[in-house]
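One letter stands for each residue in the lines below.
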Amino acid sequence: MLSCRVIRVVLLFPLVGCADSHPETTPNPTAPAAVTPGYPCREEKAPFARLRRLSDSEIDRVMGTLLAKDTPSTAMFTRDARVGGFDNNANALFVSDSKLEDYLTLARQAAEALTTPAQLALSPCPPDIQPGPCAIRFAEALSPRVFGRSLTDDERQRLQDVFQTGAESSTFRAGLATMLQAMFLSPHFLYRTELGSDDHPGLFSATEIASRLSFMLTGQRPDAELSARASGLFDPAVRQAEALRLLRTEAGKTQLRFFVRSWLRLTNVAMLSKELGQHFAFTPEVRQAMSREIDAFLDHVITHKESRLDEIFLADYGFPGPELAETYGDDLIKPFGVFEQTPFDPVRRRGILSYPGFLAAHAPIDLTSPVLRGLFVRADLFCQDISAPPLGVEIIPPPPDPKQTTRQRFAIHAESPGCAGCHRYMDPIGFGFENFDAVGRYRTEENGLPIDATGELIETDVDGTFVGPGGLGQKLMQSRAFARCFVTQYVRFAEGTAEVAVDSCRIEHLTNGFIENGFRIDTLAAAYASKDAFTHGGAVP
Amino acid sequence: MKRSTSISRRRLISSIAPVATLFPYLSRAFAEEIAPTPRLILLMQSNGTTQANFWPTPVLTDSKVLAPLLDDANLRRKTTVIKGLFNEEGGAGNGHDFGFAGLWSGYKTVGPFHDPWGNGPSIDQLLKQKLSFHEPNPTLNCGVLASSTAPFKNHRTSFSYLGPHRQVPTETNIYKLYTTYFSPPIGEADSNRATSAELRIRQNRSVLDYVREDLRQLKPRLPVSERPKLEFHETAVRDLEKRLSETLAPRSGRPDWCGRIVTPKQRLDVTLEENVPLLMQWMFDFVAQVISCGLVRIVTFPMGNCGEKWYFSWLGINQNSHDTLAHADNGDNADVTAKLLKINVWYAQQVAALARKLDGIPEGNGTSLDNTLIVWGNEIATGPHTMEDIPVVLVGNGAGRIRNTGRLINEGRQPYQRLGTSVLRLMGVPADGLGESPNCGPLVGLD
Chain A
178 MLSCRVIRVV LLFPLVGCAD SHPETTPNPT APAAVTPGYP CREEKAPFAR LRRLSDSEID
238 RVMGTLLAKD TPSTAMFTRD ARVGGFDNNA NALFVSDSKL EDYLTLARQA AEALTTPAQL
298 ALSPCPPDIQ PGPCAIRFAE ALSPRVFGRS LTDDERQRLQ DVFQTGAESS TFRAGLATML
358 QAMFLSPHFL YRTELGSDDH PGLFSATEIA SRLSFMLTGQ RPDAELSARA SGLFDPAVRQ
418 AEALRLLRTE AGKTQLRFFV RSWLRLTNVA MLSKELGQHF AFTPEVRQAM SREIDAFLDH
478 VITHKESRLD EIFLADYGFP GPELAETYGD DLIKPFGVFE QTPFDPVRRR GILSYPGFLA
538 AHAPIDLTSP VLRGLFVRAD LFCQDISAPP LGVEIIPPPP DPKQTTRQRF AIHAESPGCA
598 GCHRYMDPIG FGFENFDAVG RYRTEENGLP IDATGELIET DVDGTFVGPG GLGQKLMQSR
658 AFARCFVTQY VRFAEGTAEV AVDSCRIEHL TNGFIENGFR IDTLAAAYAS KDAFTHGGAV
718 P
Chain B
-5 MKRSTSISRR RLISSIAPVA TLFPYLSRAF AEEIAPTPRL ILLMQSNGTT QANFWPTPVL
55 TDSKVLAPLL DDANLRRKTT VIKGLFNEEG GAGNGHDFGF AGLWSGYKTV GPFHDPWGNG
115 PSIDQLLKQK LSFHEPNPTL NCGVLASSTA PFKNHRTSFS YLGPHRQVPT ETNIYKLYTT
175 YFSPPIGEAD SNRATSAELR IRQNRSVLDY VREDLRQLKP RLPVSERPKL EFHETAVRDL
235 EKRLSETLAP RSGRPDWCGR IVTPKQRLDV TLEENVPLLM QWMFDFVAQV ISCGLVRIVT
295 FPMGNCGEKW YFSWLGINQN SHDTLAHADN GDNADVTAKL LKINVWYAQQ VAALARKLDG
355 IPEGNGTSLD NTLIVWGNEI ATGPHTMEDI PVVLVGNGAG RIRNTGRLIN EGRQPYQRLG
415 TSVLRLMGVP ADGLGESPNC GPLVGLD
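Chains A and B, in that order, give the protein sequences.
Under the working numbering, think of the first position of the first sequence as 178, with each following residue one higher.
Under the working numbering, think of the first position of the second sequence as -5, with each following residue one higher.
Take the hints with a grain of salt, since some may be wrong.
[Unchecked claim] Pair by pair, the computed Cβ-Cβ distance ranges are:
no. : chain 1 : residue 1 : chain 2 : residue 2 : range
1   : A       : GLN334    : B       : ARG221    : 21 to 29 Å
2   : B       : ARG221    : A       : LEU299    : 35 to 43 Å
3   : A       : ALA252    : B       : ARG210    : 56 to 64 Å
4   : A       : ALA588    : B       : THR265    : 31 to 39 Å
5   : B       : PHE127    : A       : ALA418    : 13 to 21 Å
6   : A       : THR480    : B       : PRO432    : 53 to 61 Å
7   : B       : TYR169    : A       : ALA588    : 57 to 65 Å
[Unchecked claim] Listed next, the stretches of chain A that the computed footprint assigns to chain B, with coverage defined by at least 3 CB atoms under 8 Å from CB atoms of chain B:
no. : segment
8   : 225 to 236
9   : 258 to 272
10  : 378 to 385
11  : 423 to 436
12  : 486 to 499
Quick caveat, the hints were computed from the structure, so don't treat them as lab data.
Quantities reported herein were computed from a predicted structural model and do not represent experimental measurements.
C-beta atoms are modelled at their ideal positions from N, C-alpha and C, and glycine is treated no differently.
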């Protein structure tokens, strides 16, 4: 059976749409050039004034700064749009009816948790102070973490009014809880503003720069140190130093991990479903161990390996938990501990692309899909687009066949002119992962036939064949296009926008530095923060 | 056909009966009060249908897929099937994406192939902007998305949009919905509750007044391009206040049974695919309840994710229905066709069950279904991504606004945006077109 049948005559022509999707044709180097001479980068507008609603993960982080335990979370919220895989897209996020309902629940939970007798005992008011002013002292103490600044006089007055209404016919605690609900439903909590200020025309305000820096690097409001240095943040060196400090905090590490997981589409590993029959039980413990292994690995790279991207893609070790013994089989060099660094058999596995959590997340529930894995590499690692199948094309994927390997089944894509135009950009990359099944177990045979795990890249700056995820990792680390794509993804995440162009001058310059500095993500983040564009705001009409 | 007998349904029906028997005038008065314009339920099925088994005769007979709906003479009388809709505009992604994000917005998808998004407001949100509402919740976007396979693309969980990329998330947690809408139960507040209710209303108002003032002060500081975000927020605050007041001090005239609705006691994992049949039943119970109790006017409801891969274990199929069945639906394989028939009949059964729930609730001289328009759409026409003859079924006549029901409309090829244009008009909003086709006009043949 043909797998992609063109049913209209007009579409029998080659699918030229895909020919538009090749961005990089520089020579194939053994290592990426730090600078591409004469690269025609595009000028890009400076950041503009925006209102950015906090993402759910940011809300969780902020809540974590307020309450050490019984922290209310967004776990039950309806899920926001994740444009480009990131949950903080400034254009997509807004407050819908159901979101506000979620916020109300969260505000009530937070107000409750912050006004328990134990919490109130932490910051008692002096005996001579009246309830209203006492409540405002409470609000003042929370304000830097909730609003990222001190309260204004107007806010103080209005919050005191809310307190009085809440306490009316009721208790001091009820008044306090009502006041806190108002704070947690306030747009000053739910959003962050990047609007610029009259004091510094064309620039974000000092408070806004502190907020930008803090959310980019820690996913939460500025800490006390950063706030204290806010007025100095117009100086690039101060921003760079603060960025490096924040990246070393626990919140900084968590945020970097979150970015990498979002970029590599690994945020849902602990929730995956698999159906491999009786031969393998994909239990919640297994998938949670896969997720935890990824965290342990990224923590290790961030803490001990200078957060280097090449380590993420080339590391010859994992952090397996006991639940992954069956998944790994003989792939580990020695008996392993509990989420401790354990060497891989380097022939089989290398880098995060060979981690079970990654392989499982990038596969359907029962089989592998070279198309999906190839598309991921093409789209998220090279920042390339694939044209849509033309209208009128009947799409019939090759059905499972117990007498063929996956590679053999998908060979039909290369043979059919209706499919090859686009699938040649995806399937050959995906074939390179075929030594791993849908849950990330290493295999050399499929349906009794030997597996050929040779992959191939075309229309990149590192074209050629490779074997396995480790081989692909080595190719990627020689690719300037990949480095530039990574930088682009980071800036998209930092700015909360999908509109960052891969070929902008800003991306080009950052890529130069990123490669020169040995692929250090922390250095990239600090360099980005030090750019003039980071502080440039100003309203647009 | 065997009717649904879930606990929720029994409770619903048993609680309706005394209302209809003892207080017919009350029920009628309420209906007149709450249904000046029809209610709307937009349903989306994924993966198309087997065309040969779908289309009925002009008088709605002989459709294998639609049998659960059309074999019931009462429902057949209230049904309209529309043939001839096409979508040839393309966009980002593939046919699933074009149709899912486009059918109810009229816009082409935008973005890269692997990450397409809707590019304009869907009609539920257009209606929300343009109509005035007495319901505390003008719109609700809920559905059943429990699936073993996470959607391949991020947009595939909701077709409700406020604007480009601004997708309204789909609420899938039935327990959360019941808690939000019916806890505490709506109904006549007793005198003891009244005092605390009054205090709570004052407290809520005080909180929301604070929020409103913050929004009011913040708005002028924003560039014009960013202000819509706060306008959506202001609308949500207004709706929330109505909803909170409604819960604490309900409007009079609502049927008594609305005050006795409680959250289902049985606990289900709302993310597990095996629970889909029960979740669908419960969600449709809930939709019938909020619609008929005047709590919501417009419901958008994805019956699964875009390009859903359900294995339909509850039908004994146990196959990836998207990859191995829908995509293979080219008439060559009897086994594939038979399984797809089972699947598509199951969808029809769900729609028929929803219609019957509404039809079992008396309103005025008719039923709740008579004041409602259910539109059951599909993202594509056939599993292999063809976009000609997208299957669309209307159930209910929208408070009498569709006069000629019980028939197939087959007026040749029509751009899909005409469907949305007609729905806007039926709901009381003048429209010449939708999305990319602002002048396409309404459906030819629907009257």
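*asked:* If you test the structure against every hint from before, which numbers come out violated?
replied: 3, 5, 7, 10, 11 and 12
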